[in-house]
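**Student:** Residue numbers (our numbering): 11 to 467.
For the record, the hints were derived by calculation from the structure and aren't laboratory data. It cannot be assumed that every hint is accurate.
As the list claims (entries may be wrong) - The list that follows gives simulated cross-link-like pairs (lysine-lysine, PhoX-like), each with its CA atoms no further than 20 Å apart:
id	residue 1	residue 2
1	Lys18	Lys446
2	Lys385	Lys342
3	Lys78	Lys95
4	Lys95	Lys49
5	Lys265	Lys286
6	Lys18	Lys433
7	Lys166	Lys225
8	Lys79	Lys49
9	Lys95	Lys79
10	Lys146	Lys166
11	Lys59	Lys333
12	Lys18	Lys59
13	Lys49	Lys18
14	Lys225	Lys265
15	Lys265	Lys333
16	Lys78	Lys49
17	Lys286	Lys166
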Amino acid sequence: MEFTEAYKQTGSYAFSPNARFLAVAVDYRLVIRDVLSLKVVQLFSCLDKITYIEWAPDSEYILCGLYKKPMIQAWSLTQPEWTCKIDEGPAGVAYARWSPDSRHILTTSDFQLRLTVWSLVNTACIHVQWPKHGSKGVSFTKDGKFAAICTRRDCKDYVNLLSCHTWEIMGVFAVDTLDLADVQWSADDSAIVIWDSPLEYKVLIYSPDGRCLAKYQAYESGLGVKSVSWSPCSQFLAVGSYDQMLRVLNHLTWKVFAEFVHPSAVRGPCCAAIFKEVDEQLDMSELSLGDDFVQYSSDNASEAHIQVRYNVLEVPINLPSQKPPADKPNPKQGISMMSWSSDSQYICTRNDSIPTVLWIWDINHLELAAILVQKDPIRAAAWDPTCPRLVLCTGSSHIYMWTPSGAYCINVPLPQFAVIDLKWNSDGSCLFLKDKESFCCASPEILQESSDYSSDD
């Protein structure tokens, strides 16, 4: 894997949907770079520090959220002299997003007073009163024709279906939730999933015309749903819960066909490969080194003489778990992180009470495929959009890769670079690695299948 040099960044970043450009915020400047060369192709100056970046689906426009101001600024990559500024005045701006046609911007005001659709074509605007959430509660169909916007009035939750062509309300239906958490269209646009707040375990599947297709409740007492995700093929719906279980529903009967537990002790029989990150001390006594290098290595012994690798373990094993305090809200337990592979064959999960462990499940065989035991809590994990390859980071100077043929530790060859976040571009040709104040990009090798489970730095 090849790495670029480090460049400065101060927070938000985004790949363009066409995979050609990378936008990075540097204080109040928006820097647009070419993905292949990382050369600067455009530089825009905003009126305040940039806190959020989002590309339009056509990759021609980009918006910047200046939430401290608060306002939105939008720029055009093909017409650098064109600019747009959206200011809601006293209502404020809590969040902004693009519409599928790339010619409208949707903003949510502070305190969820209203959602506004701003047209970049004729400066018209349309209001939707009482949106349920700021950054959540809005979902678009994959074909870009309709939007589902959650609202709340008279102590009841509703879903508003809007046409993304005319922005007229096509239908409104009430949903059976106490406090709606979020909404998601399936990838084939055939169903809408809605789930309740953690205080009430409830997952509801609706058809676009408002008919309730299914209602799922795993248990009644205790905290409920923590995360929900459709598979890319739309055939599976994964539900992560506070009871530290992942449940997968099928799209034909909307019944659970798989329940995956995340125990702190793994016992046999278990066919999963278990990889544990370990430090390996290098023996440099037999090397012929100059005095200058010996002096340097003694000053940096902790870094120079240690490399990281995976050991393959056998069951039974005990995983490092932590019990959340009972007197604090939002306990760190349950399945908060989950992500599907692009072919819908694998799903990775993290149980927050065992934060250093990543679980990889094989949906085709309904079994655990691998367990990755890291030294530090897992910060982020992302699947290659072109093949079943998973990359994760833990805030160390390494990234970690899993494929069906094995797991690997890869050192990032930059001084004092700790990877706290990562993201693939849409064609899988570039991997963005984020440090606290800088970033670099990596070019992954073409995935080659093998049955070798060895893993070196």
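**Student:** Could you run down the list of hints and mark each one as holding or not?
**Tutor:** Status of each hint after checking the structure:
1. Lys18 <-> Lys446: 9 Å, holds
2. Lys385 <-> Lys342: Within the cut-off at roughly 18 Å; holds.
3. Lys78 <-> Lys95: Holds, at about 14 Å.
4. Lys95 <-> Lys49: Distance ~27 Å between Lys95 and Lys49 Cα, so the pair is violated.
5. Lys265 <-> Lys286: Judged against 20 Å, a Cα distance of about 35 Å means the pair is violated.
6. Lys18 <-> Lys433: The hint holds at about 17 Å.
7. Lys166 <-> Lys225: 18 Å, holds
8. Lys79 <-> Lys49: 30 Å, violated
9. Lys95 <-> Lys79: OK: Lys95 and Lys79 at ~12 Å, within 20 Å.
10. Lys146 <-> Lys166: 17 Å, holds
11. Lys59 <-> Lys333: 39 Å, violated
12. Lys18 <-> Lys59: 15 Å, holds
13. Lys49 <-> Lys18: Judged against 20 Å, a Cα distance of about 13 Å means the pair holds.
14. Lys225 <-> Lys265: Roughly 10 Å between the alpha carbons, so the hint for Lys225 and Lys265 holds.
15. Lys265 <-> Lys333: 31 Å, violated
16. Lys78 <-> Lys49: With Cα atoms ~29 Å apart, Lys78 and Lys49 exceed 20 Å; violated.
17. Lys286 <-> Lys166: 48 Å, violated
In summary, the numbered hints that this structure violates are 4, 5, 8, 11, 15, 16 and 17.
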